[in-house]
Amino acid sequence: MSAIMRAANRRTVLRGIMSGAALSVGLPYLDIFLNSNGTALAATGAPLPTCFGSWFWGCGLTPGLWEPKTIGANYEMSPELKPLSAFKSQMNVYSGMKVFLDGKPPTPHQTGHQGALLGHVPKAGTRPDYPSLDVLVSNTIGTKTRFRSIEVTGGGSPNQSVSRRSGSALNPSEVSPVALYTRLFGPDFKDPNAAEFVPDPKVMVRKSVLSSVSDERAALMKELGSADRERLDEYFTSLRQLEHQLAVELEKPAPMEACTKPGAVEESAPGLEIDAVVKNLKLFSGLLAHALACNQTRVFNVSFADATSSVRRGGETATHHILTHEEALNEDMGYQPRAQWFNEVIMASLADQASALASVREGDGSLLDRTLVLASSETGFAKVHSLENIPMITIGSGGGRVKTGLHIQAKGDPVTRVGLTLQQVLDVPVSSWGTESMETSKTLSEAVA
Amino acid sequence: MREAFDNNVKITPRLRKLRCFSALSVVIGAVFAAGCTPTEMAASSGAVEEVSGAGGPPVMRRLTESQYEQVVQDIFGPTVELGGRFEPDPREGGLLAVGAGKVSVTTSGLQQYDIMARSVAAQVTGEGRRDTLVGCAPVNLESRDEACARQFLKKVGRLLYRRPLTDAELDARVENANVATDKFGNFYEGLEMGLAGMLVAPQFIFRQETSEPDPQSPGSLRLDAFSKASRLSFFLWNSAPDDQLLAAAANGELHDSRGIARQVERMVASPRLKIGVRAFFSDLLEFDKFDELSKDAEIFPKFNFIAAEDAKEQTLRTAVDHLVTHNGDYRDLFTTRKTYLTRLLGALYRVPVVTPDGWEPYEFSEDSQQAGILTHASFVALHSHPGRTSPTLRGKALREILLCQKVPDPPGNVDFNIVQDASNPDFKTVRQRLDAHAGEPMCVGCHKITDPIGLALESFDTIGGFRTTENGTPINTSGELDGVAFADASELGQAVHDHPGVSSCLVNRVFSYGVGRTPTKSEKDWLDTFVENVFAKDGYKFPQLLRRIAMSDTFFRISPTEADAEAPAMASAQNFKSESEQ
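Residue numbers (the working numbering), protein chains in the order written: chain G, 1 to 449; chain R, 450 to 1031.
Just so you know, these hints were derived from the structure itself, not from any lab. It should be emphasised that the depicted structure is a prediction, and the values quoted were computed from it without experimental measurement. Just so you know, even glycine gets a beta-carbon here, dropped at the ideal spot from N, CA and C. One or more of the hints may lead you astray.
To be verified - Chain G is faced by these chain R residues, among others (derived, beta-carbon under 8 Å):
(1) Ser-553
(2) Gln-560
(3) Glu-618
(4) Gly-646
(5) Gln-657
(6) Arg-837
(7) Gly-932
(8) His-946
Okay, chain G solo, but in the shape it has when bound (with noise of 0.2 Å):
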């Protein structure tokens, strides 16, 4: 049990935190705690909500340039790895994991992040009937607040997401920070921190409203064989939680502290040309960041763009995809120097969601340390394709969960068990995970604190 998780000091030091909140709900006196390490405690007095992060990117890294050249606690870090370094004593590296195929022939750009985040790789020909990680997570972390999780992209198209509930509901991605602002701090948005509180009476109207369709559904379900049944249920599902969304907006929300409405957001042009995508992403960052700090979700997925990475430069015609095939390698180099380019981009990119996590400040520490985010590609090597030594790597600790500072390399082992980890750590009940080879109940039990 990790150092937050033990129950309050009552007469922990209060840091001036939350001034003039005025709350008529029962809550103790004393509304916001730091234990006795520093950490801020919500006003209950339970600890502040883990929160999970999945980022994923196309075309993978370079090998032999992302992977640290020591194993372990303080290992050396990777050139590719360097726009992290300011990170690098709360992230930990995975190499060497694998994505196994049994069999089945392998889909460019696909097959490896199914392996990784599903857990599985569908055959040919057929749809991926599993949830992703971020699905499972959040089955467990994200319940109770207004969003079960949020997903973006910054590539400008809602097919760009790896995150599923099952073969028929691809979760969509956001490409607009404006819509996502409308979303989660528009009119419906209810300030944890406000003194009064009054349910909107449209949003009760609004639920009774999807209840009674709710209760349509058996009618419904009678008519129908069994593979539209099951799609039928993932609509249901959806609107029990939408249900739900509304039900936790009726409610007078738990104050956190960090929570502050961010700023109006302004348009910014969506594409692939890649200054285009990282400023998307960088405007995506700060409101995921207020979205955890606010406790709109505590799950969100980024994918950079779609998974074979079609993003370029301006000007030139030819995308980090084309280039990761088409290039040769730079024989003093040794590897593809203009494709190579986009890899340190994207990792940037990494580093900017990592800073507007760590820009939040919650007691001594950060909204950084109780969020868990991972992130993966989908190929250990894009020029041909590789499903072995996938990058992964993770950021954060989830409140103390994941010991951090850690080169973990593994020799060939299934991809499946850095997910089965992650669920693990964060309370996900689950013993092994991922189908046939990737089946693994092996938790990476270095990284768990």
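Fit chain R to the supplied structure of chain G, relying on the hints for placement.
Chain R in isolation, oriented as in the chain G frame:
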């Protein structure tokens, strides 16, 4: 191979040819393995007997984005704003219409449906529209009026659910309106919530199909009358059934072949047919991908969002004008020089357009290579890389979209260096670079399938502009399509026009579009024999093809256990991608 086929159909030389082509249509390269010889492929013969397809399973489909928009527009008027956005429609079996039968609604997707439902409902019951759309007024504006609420919700519910509401459904929505009226102290705000409940309900968002025993054919199933009405209206109009079609369903007319014929004739004669035909070609030609089209503004300043919209519109106008207005031969779409242009497109194609703002008919000259929709910007630009052409992508698109053939993805571990390096003095044109690349034994198989046809379109740059040289070297546009040689893009259009796969593919896609899934084996046999044959006899007239299918027994027959004709082959195709994930 395919015993069921052999048992049901009298084999003729024509049929043998089609069987062979059908094998070709799944995965190129399997032609000879499937026992087809070139001689048989070339054989052609006369009529076959009609054998009805045994039907397939009913499909619950999510309304596509364009259907949702069209339905709201048709029921509430063209000025109603949706105010939300849609979950992406996935493409399967070449069509969004088929992908719609594989998806559900996610939580964030439903949130958007909820936003749109409330937005549309607020406009419909708002002050500007309520007098014309609601059709009754409350006795007291500030309190519930159950009779008026019931009357309106019953009327609009029948159009939205595409069938009469059950008593329980109507009661529930009326109760929503009543409760909300009490809460807000305003009848119309209450009615708004009753209507919003309908618009977010699965009965509206999904087209659920219901089957029933067919009394005219004991032991078999058919769609019920209202499901038939929906199939017809979305097929022909890309929208929900209108009042007349629902009335025909209610009075049994749609279970009678003459009744069906009456309705189909009415629908084909309606101006809405053009909307339906546009929707089909927009789906077939993958025009949804225009939303993601990203051309490099620094390299191609002429190509912007407006140009992309115009490019799409050019082809849709050309298709509707040729196929519906002039009832032309479908195959002529690949050779016609007649089209419509805006000034922006004129600049792109470097031809004069007089009309300052809007569209005008235009006919490219005889000596122009601009002939047929393959030479439109909508095709050559959509199937290019952001800043350069791709004969491979263009050839692949032609094979997959218009000939229904599957081109495998490239294998792993391939050296693409030569294709990329446009500055290599030895390889000035794409053809030279591709030739060098395709010299690799592992590459040659697939590139032989795609590149020769794509190279003919090299006279069009990545945004559709005409050119004769690349890096100062004349572009060689000659090649061959399945044994037919051509010298340039214009002759490629003629070769596509004459290719047997073009009409066969269209027939299969049209049927899939209508039923929301790929055909079952028996349906495919019916399509490849009877329907394709009559399509030829009808002079490849598109509205007539729609009529033939819409009036056929097979279109409405239900057989929940029939297997998908393409499923086994797709499963064995090495690189099938779940298209929602690309």
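Tested hints:
1. Ser-553: holds (4 Å)
2. Gln-560: The hint holds - R:Gln-560 has a Cβ within 8 Å of chain G, the shortest such distance being about 6 Å.
3. Glu-618: holds (7 Å)
4. Gly-646: holds (4 Å)
5. Gln-657: Nearest chain G Cβ about 7 Å off; hint holds.
6. Arg-837: Where the cut-off is 8 Å and the nearest Cβ of chain G is about 5 Å from R:Arg-837, the hint holds.
7. Gly-932: Violated, because the Cβ-Cβ distance from R:Gly-932 to chain G comes to roughly 30 Å (cut-off 8 Å).
8. His-946: violated (32 Å)
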